[in-house]
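Participant: Now for the letters of each chain:
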Amino acid sequence: MIACTNWPAKVRTYCSQVPESIDHTLSRFTGLKGAEVPAHITGLGVVVAMSGEATFRINTDVIVLNETSFLVVNKGSKLSITLERDDTLVALLCFDTTLSKLLYNGLIKSGDETAGWSAVSEEDFSLVEHLHFMNASLREQFQLLMELGNSCASFHSLKADMVVRSILDSLISENHHALQISEKLKVVKTVTKTALYKRLAAAREWIINNCQQPIDLQQAADVAMLDKQHFLRLFKRAYQITPHNFLTRMRLERAEKLLEETDLAVSDICRAVGFDSIPSFTSLFKRTYGEAPGRYRRKMRLH
Amino acid sequence: MERDQWSQFKLRVNVNAPADKVYNSWATPGGLEKWFLRKALFRDKAGKAKSEDTPIEQDDTYEWYWHGYPDSVVEKGTVLKANGKDLFSFTFSMKCPVTINMYEEAGELIVQLVESGLPLDDDTAMKHFVGDSRGWIFYLANLKSVLEGGLDLRNKRMEITNVITA
Numbered sequence: 001m002i003a004c005t006n007w008p009a010k011v012r013t014y015c016s017q018v019p020e021s022i023d024h025t026l027s028r029f030t031g032l033k034g035a036e037v038p039a040h041i042t043g044l045g046v047v048v049a050m051s052g053e054a055t056f057r058i059n060t061d062v063i064v065l066n067e068t069s070f071l072v073v074n075k076g077s078k079l080s081i082t083l084e085r086d087d088t089l090v091a092l093l094c095f096d097t098t099l100s101k102l103l104y105n106g107l108i109k110s111g112d113e114t115a116g117w118s119a120v121s122e123e124d125f126s127l128v129e130h131l132h133f134m135n136a137s138l139r140e141q142f143q144l145l146m147e148l149g150n151s152c153a154s155f156h157s158l159k160a161d162m163v164v165r166s167i168l169d170s171l172i173s174e175n176h177h178a179l180q181i182s183e184k185l186k187v188v189k190t191v192t193k194t195a196l197y198k199r200l201a202a203a204r205e206w207i208i209n210n211c212q213q214p215i216d217l218q219q220a221a222d223v224a225m226l227d228k229q230h231f232l233r234l235f236k237r238a239y240q241i242t243p244h245n246f247l248t249r250m251r252l253e254r255a256e257k258l259l260e261e262t263d264l265a266v267s268d269i270c271r272a273v274g275f276d277s278i279p280s281f282t283s284l285f286k287r288t289y290g291e292a293p294g295r296y297r298r299k300m301r302l303h
Numbered sequence: 001m002e003r004d005q006w007s008q009f010k011l012r013v014n015v016n017a018p019a020d021k022v023y024n025s026w027a028t029p030g031g032l033e034k035w036f037l038r039k040a041l042f043r044d045k046a047g048k049a050k051s052e053d054t055p056i057e058q059d060d061t062y063e064w065y066w067h068g069y070p071d072s073v074v075e076k077g078t079v080l081k082a083n084g085k086d087l088f089s090f091t092f093s094m095k096c097p098v099t100i101n102m103y104e105e106a107g108e109l110i111v112q113l114v115e116s117g118l119p120l121d122d123d124t125a126m127k128h129f130v131g132d133s134r135g136w137i138f139y140l141a142n143l144k145s146v147l148e149g150g151l152d153l154r155n156k157r158m159e160i161t162n163v164i165t166a
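Going down the list, the protein sequences come from chains L and A. Each residue of the first sequence is one higher than the one before, counting from 1 in the working numbering. Each residue of the second sequence is one higher than the one before, counting from 1 in the working numbering.
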């Protein structure tokens with residue numbers, strides 16, 4: 001069940017300690033430009049700007065959130081918000097404290113006993129506490145939650161729980177993945193490891209979301225706020241692939257999807273995914289998928 | 001009401017239809033889709049998906065999808081009992097068992113639904129009791145409607161929301 005509440009009233013009740021919740025809560029915040037939610041300690045959650053733009057202060061970071069992005073907040077983080085436009089609608093989904101632990105154990109521990117988890121890492125989502133690119137399904141899920149919160153639909157609380165569970169599953173899986181990747185950085189100091197991971201993750205997401213553009217190593221390093229060579233080394237160490245090869249892989253995956261799902265000409269797909277040269281695209285595609293693009297499409301459609 | 005009386009509820013509906021037809025409405029994937037779900041996927045213990053008219057059995061697992069909602073809204077659970085005749089039971093919301101019994105009373109078939117094991121903590125007791133019982137009331141009424149008159153009352157249009165029929 002989602003208790004749909006307006007945010008400021010809620011904040012006053014837990015301004016200085018981590019809120020323990022046995023149920024999920026969805027808090028909404030709207031108002032005129034400049035309206036603020038004062039600094040308070042938050043539980044584990046996801047924040048989206050359903051419309052407009054808002055500035056978030058999480059611990060020492062300042063993050064601007066708009067409709068193209070969402071934010072994960074870690075349990076125990078200090079959070080404040082300022083609306084940047086009159087039409088801004090911010091929604092924070094805070095997870096049931098117990099469920100996140102249970103799901104973690106069910107999803108991760110049962111399937112992976114080799115990762116060497118510490119008791120601390122189970123509940124620490126600081127690695128994924130950063131800006132993420134919004135995806136259509138998360139936006140749809142938040143829209144559904146806002147509707148279900150005060151709905152008379154049958155089993156509305158059960159349906160809301162299903163949506164929340166789905167979001168939490170993804171978050172736990174992402175955190176698990178982040179923990180594994182960050183370990184590969186071989187940095188002893190946790191604070192440094194977390195900071196480096198977040199920068200690399202931001203650059204990686206940026207590459208995914210801009211792969212159709214002509215981007216280069218320097219731009220990706222700038223997103224990570226790292227020196228170009230340092231970024232290259234760290235990215236390769238963490239993800240076991242160079243940024244350039246990662247970019248190529250993303251473009252090819254997008255091309256494969258377009259070949260399967262659309263009737264666009266191969267030359268149009270080549271340009272749409274960010275390749276300049278058709279021979280180069282064809283050659284890379286064939287090397288990866290074993291067939292030239294046109295032949296691959298025909299084969300897929302036969303199946 | 002005593003506190004522990006919120007831990008379960010019982011609903012009964014009289015249905016003027018043959019017992020085997022009513023049982024199959026609960027215990028086959030295709031039967032469930034006629035009055036309850038948009039899509040009912042059942043798998044046996046080996047993980048093999050069941051076809052729409054294959055009887056559901058104990059220990060089968062399910063994924064249920066709803067009219068009016070995308071596939072991200074999915075309920076997963078397990079079949080606890082299915083005797084092939086008049087008893088069908090499964091886990092539902094919060095893994096609470098739901099038990100369906102069918103028996104005759106005054107010449108009609110009574111379908112009795114009991115959902116038990118509902119949480120009793122102050123914050124969530126009411127929401128489970130009220131939310132789940134309210135949901136089942138509509139669907140049991142729809143079961144009767146579909147079996148007796150062929151009229152399906154469910155809202156199947158995505159653009160219509162916040163209605164009791166979905």
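FYI, nobody ran anything at the bench for these hints, they're computed from the structure. Treat the hints with care, since some could be wrong.
[To be verified] Some, not all, of what chain L presents toward chain A, calculated at C-beta under 8 Å:
#, residue
1, Phe133
2, Met134
3, Glu140
4, Gln141
5, Glu147
6, Ala153
7, His156
8, Lys159
9, Val163
10, Cys211
11, Asp268
No residue lacks a Cβ here, since even glycine has one placed at the ideal position from N, Cα and C.
Participant: Against each hint, give a clear statement of whether it holds in the structure.
Facilitator: Hint-by-hint comparison with the structure:
no., hint, in the structure
1, Phe133, "violated, 18 Å"
2, Met134, "violated, 15 Å"
3, Glu140, "holds, 6 Å"
4, Gln141, "holds, 6 Å"
5, Glu147, "holds, 5 Å"
6, Ala153, "holds, 6 Å"
7, His156, "holds, 6 Å"
8, Lys159, "holds, 5 Å"
9, Val163, "holds, 6 Å"
10, Cys211, "violated, 25 Å"
11, Asp268, "violated, 30 Å"
Taken one by one, the earlier hints fail for this structure at numbers 1, 2, 10, 11, listed in ascending order.
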